[in-house]
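Engineer: Knowing the structure of chain A, use the given hints to seat chain B on it.
Line order of the protein sequences matches chains A and B. Residues in the first sequence are numbered consecutively from 1, following full-length UniProt numbering. Residues in the second sequence are numbered consecutively from 1, following full-length UniProt numbering.
In case anyone wonders, no lab produced these hints; they're calculated from the structure. Misleading hints may appear alongside valid ones.
Identical chains blur together in the list; that is why a pair holds if it fits in one copy or across any two.
BS3-like cross-link-like pairs, simulated, lysine-lysine; straight-line CA separation at most 30 Å [unchecked claim]:
1. K173 <-> K184
2. K29 <-> K143
3. K170 <-> K184
4. K411 <-> K143
5. K9 <-> K184
6. K110 <-> K9
There are 2 protein chains.
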Amino acid sequence: MSLFITTLKQRRQKLAQLIDIPVILWSGKAPSRNFRANRYPFRASSHFLYFAGISLENAVIRLENGQLELFIDDPAPESTLWHGETPTRDAIAAIIGADRAYPLEELLPKTAHAATIGVQDLATYQQQQNILNRPIFPSNAPKEIDLTLAQAIVTLRLTHDQEAIAQIRKSVKVSIEAHKIGMKSTALATTEAQVRGTMEGVIMAHNMSCAYGSIVTVHGEVLHNEEYHHPLQQGDLLLADVGAETQLGWASDITRTWPVGGKFSATQRDIYDIVLAAHDNCIEAMKPGVEYREIHLLGARIIAEGLVNLGILRGNPDNLVEKDAHALFFPHGIGHLLGLDVHDMEDLGDLAGYETRRHRSDRFGLEYLRLDRPLASGMVVTIEPGFYQVPAILNDSQRREKYQNDVNWEKLAQFADVRGIRIEDDVLVTETGTEVLTIDLPTQATEIERLC
Amino acid sequence: MSLFITTLKQRRQKLAQLIDIPVILWSGKAPSRNFRANRYPFRASSHFLYFAGISLENAVIRLENGQLELFIDDPAPESTLWHGETPTRDAIAAIIGADRAYPLEELLPKTAHAATIGVQDLATYQQQQNILNRPIFPSNAPKEIDLTLAQAIVTLRLTHDQEAIAQIRKSVKVSIEAHKIGMKSTALATTEAQVRGTMEGVIMAHNMSCAYGSIVTVHGEVLHNEEYHHPLQQGDLLLADVGAETQLGWASDITRTWPVGGKFSATQRDIYDIVLAAHDNCIEAMKPGVEYREIHLLGARIIAEGLVNLGILRGNPDNLVEKDAHALFFPHGIGHLLGLDVHDMEDLGDLAGYETRRHRSDRFGLEYLRLDRPLASGMVVTIEPGFYQVPAILNDSQRREKYQNDVNWEKLAQFADVRGIRIEDDVLVTETGTEVLTIDLPTQATEIERLC
Numbered sequence: 001m002s003l004f005i006t007t008l009k010q011r012r013q014k015l016a017q018l019i020d021i022p023v024i025l026w027s028g029k030a031p032s033r034n035f036r037a038n039r040y041p042f043r044a045s046s047h048f049l050y051f052a053g054i055s056l057e058n059a060v061i062r063l064e065n066g067q068l069e070l071f072i073d074d075p076a077p078e079s080t081l082w083h084g085e086t087p088t089r090d091a092i093a094a095i096i097g098a099d100r101a102y103p104l105e106e107l108l109p110k111t112a113h114a115a116t117i118g119v120q121d122l123a124t125y126q127q128q129q130n131i132l133n134r135p136i137f138p139s140n141a142p143k144e145i146d147l148t149l150a151q152a153i154v155t156l157r158l159t160h161d162q163e164a165i166a167q168i169r170k171s172v173k174v175s176i177e178a179h180k181i182g183m184k185s186t187a188l189a190t191t192e193a194q195v196r197g198t199m200e201g202v203i204m205a206h207n208m209s210c211a212y213g214s215i216v217t218v219h220g221e222v223l224h225n226e227e228y229h230h231p232l233q234q235g236d237l238l239l240a241d242v243g244a245e246t247q248l249g250w251a252s253d254i255t256r257t258w259p260v261g262g263k264f265s266a267t268q269r270d271i272y273d274i275v276l277a278a279h280d281n282c283i284e285a286m287k288p289g290v291e292y293r294e295i296h297l298l299g300a301r302i303i304a305e306g307l308v309n310l311g312i313l314r315g316n317p318d319n320l321v322e323k324d325a326h327a328l329f330f331p332h333g334i335g336h337l338l339g340l341d342v343h344d345m346e347d348l349g350d351l352a353g354y355e356t357r358r359h360r361s362d363r364f365g366l367e368y369l370r371l372d373r374p375l376a377s378g379m380v381v382t383i384e385p386g387f388y389q390v391p392a393i394l395n396d397s398q399r400r401e402k403y404q405n406d407v408n409w410e411k412l413a414q415f416a417d418v419r420g421i422r423i424e425d426d427v428l429v430t431e432t433g434t435e436v437l438t439i440d441l442p443t444q445a446t447e448i449e450r451l452c
Numbered sequence: 001m002s003l004f005i006t007t008l009k010q011r012r013q014k015l016a017q018l019i020d021i022p023v024i025l026w027s028g029k030a031p032s033r034n035f036r037a038n039r040y041p042f043r044a045s046s047h048f049l050y051f052a053g054i055s056l057e058n059a060v061i062r063l064e065n066g067q068l069e070l071f072i073d074d075p076a077p078e079s080t081l082w083h084g085e086t087p088t089r090d091a092i093a094a095i096i097g098a099d100r101a102y103p104l105e106e107l108l109p110k111t112a113h114a115a116t117i118g119v120q121d122l123a124t125y126q127q128q129q130n131i132l133n134r135p136i137f138p139s140n141a142p143k144e145i146d147l148t149l150a151q152a153i154v155t156l157r158l159t160h161d162q163e164a165i166a167q168i169r170k171s172v173k174v175s176i177e178a179h180k181i182g183m184k185s186t187a188l189a190t191t192e193a194q195v196r197g198t199m200e201g202v203i204m205a206h207n208m209s210c211a212y213g214s215i216v217t218v219h220g221e222v223l224h225n226e227e228y229h230h231p232l233q234q235g236d237l238l239l240a241d242v243g244a245e246t247q248l249g250w251a252s253d254i255t256r257t258w259p260v261g262g263k264f265s266a267t268q269r270d271i272y273d274i275v276l277a278a279h280d281n282c283i284e285a286m287k288p289g290v291e292y293r294e295i296h297l298l299g300a301r302i303i304a305e306g307l308v309n310l311g312i313l314r315g316n317p318d319n320l321v322e323k324d325a326h327a328l329f330f331p332h333g334i335g336h337l338l339g340l341d342v343h344d345m346e347d348l349g350d351l352a353g354y355e356t357r358r359h360r361s362d363r364f365g366l367e368y369l370r371l372d373r374p375l376a377s378g379m380v381v382t383i384e385p386g387f388y389q390v391p392a393i394l395n396d397s398q399r400r401e402k403y404q405n406d407v408n409w410e411k412l413a414q415f416a417d418v419r420g421i422r423i424e425d426d427v428l429v430t431e432t433g434t435e436v437l438t439i440d441l442p443t444q445a446t447e448i449e450r451l452c
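One chain only, chain A, in its complex shape:
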């Protein structure tokens, strides 16, 4: 039996050890774009992918006692003309180690008392409710047996087996190549869009897709900037948050920030080195048992300390973090889970990210923290500290008032050429510490300059 099938069977067995209800998971269908046949690229539900292993459109699996039953229709004869020969149900069943395989119509009699997770594709979500003949709450608010299932899946997917880690490594490798070529291409580029095209072109060339909408921008202070029309100008920093996803669905998530002109200015380098210090110290502090929230607060403290040393913040770093002054410049969390989803299992709301009985803080410095659990061997998380000058934050009159004496606004004005810097790596928690999966992509400012 292949390692692939062995792993899949182990995942199914482990689920059976956690819950004894039958489980039915739908893969979903590709939504249409501007007309029915013009569809977005299909992406199977991650929970389906975890147990089925490969991407299959309009398929269903039923899991019980560690066994997997596959429900999928053989391709219609006329589909061969348009889509070529595609594997039969039986061939697919063999590839994924299904115990039995049936056409979709045979699912209905096997649905009694089954738990499920609502998929994102609305057409399939409605089908789920029709076939199970009961309301299914959205995946971020599952109820009763569906909640039990979601919790069991979280338990499994929180830490990764070797096959999963191998997939993430594959994805990381391609993302690193995209970033390196992106850096090199910047000298000849005149717009953000050109660098994005080069980077995503690399990902496509490896027959992978993007795990999320790429951010490639000289306005890094817009955290989820997905526009690419700005011209590149000497003196700008380019922030690129771009990650590949393998064909089996596993993600990577990397951010680098590099100077458009190939050299950081003194002010850019000062801030860059603070963000890098936070990045390095956070990774250094990670090991099983350590609270991720403490890693976040450590990153915040190092950023605060660095900004005190530069004269941008005033006071004691610990006190500044306690009053969330760091969040003026670092308003997001230090990272998140990574796996089949770039924010792994975020479809389940905070069920995966937050340990039972923990909830999001309403503190300005903590509300966007996506992960609040003790680290465990086999987890993969991102570490992505940043520094941003967000006008909506820094020009907010209430905040200016509150932090009036903590910020040296004149000093800050000298750093106007630093709009946004983020350095993001993917980190595997090992039994003794960590392994930085993205280690082959440099982080040091001097090395970044060499790659540009």
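Structural biologist: Chain B only, in chain A's frame:
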């Protein structure tokens, strides 16, 4: 007033001249991919784009008497952190020449007796039904006032105004660059995916998107092949059907077929020249008043004639077309409407493609014809003849039986290195004939070889 706004106001006026019912059109929302916040790129409904002019997510327009009312919410204050400063409702209203603008909640009291078209995005489609408080049939089967509206929109969108043609030209220009760079990159590429990455990278570099899922394949005989994993081998033909879409939503659609090794073999060139002859003769024959179906049949006859000359088919070309023998090798239509959608208005089923009271033929050679109308000045259509050796067709025992004496199967076997060839251009019907919008991309085999 800008030409852009003038054109939009003309479109709204023309609609008012055709129908006097109020019209409400939704732009839609981006569907989610694997979790809610990880979304596919947003694409506004084409009917919305036609009258509103620009892409606006979660927006509604109400058209009556040539006036446009815009309904859209101002961005939430917290969205500035994640998405930056975005234009206010009033700024958007000025850009698109809206007569009045309101928040979304003010739509409800203005919905009485309004017609609409169901959008592809299911969440919005449900909202349409809730807000209009009546069932809305899917866009390919509109009923009553919605059918009246759809027919009026077809009347307008069938022929393009100057702004629309300018947009298609922009899109064409980028697609041509993508094809040229794709051809040049093939010598160094080892997989289909690499050429695809290069071509789509060019489109992205111009801050455009793909109008449809790219086909870049050495298996051109799979008509809608959207896999890219095959290696490129000397002797293969690479078929690339790749088209850009402008930011305002206007499409282009170009196919070229080139030799991986830079030189067509004698057999490939023989077939290539037949497909090209069909392409050239079809375009030559086009002018206002000519039936597109006749253009299709002309293409079929030239392919049949060419195959007779090569000794692959036997008999009289006209008779061969009459019995659909050409369709063994050219099993799709000669082309389709092009505009805001790559198959323009295909969301309305055959309402746009087929003249009133005409319906799809069940003839093997005609069933996939997407357009059956007399040509008119201002229409843009594709002309895309092809030759394919589709195993599902050629190995079908009924067809082999039926066409046993029409095909010289031994002769055909000599052309095994021609799996699929298609040559596709975008053609504007003018008052006196045509203008090939894609003229800057060569079609001659020798010129293609020079670009490789």
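Engineer: Would you mind marking each hint as holding or not holding in the structure?
Structural biologist: Each hint tested on the structure:
{"no.": "1", "hint": "K173 <-> K184", "verdict": "both (17 Å within a copy, 26 Å between copies)"}
{"no.": "2", "hint": "K29 <-> K143", "verdict": "both (24 Å within a copy, 27 Å between copies)"}
{"no.": "3", "hint": "K170 <-> K184", "verdict": "both (22 Å within a copy, 28 Å between copies)"}
{"no.": "4", "hint": "K411 <-> K143", "verdict": "neither (52 Å within a copy, 66 Å between copies)"}
{"no.": "5", "hint": "K9 <-> K184", "verdict": "neither (43 Å within a copy, 46 Å between copies)"}
{"no.": "6", "hint": "K110 <-> K9", "verdict": "within (21 Å within a copy, 57 Å between copies)"}
Of the numbered hints listed earlier, those contradicted by the structure are 4 and 5.
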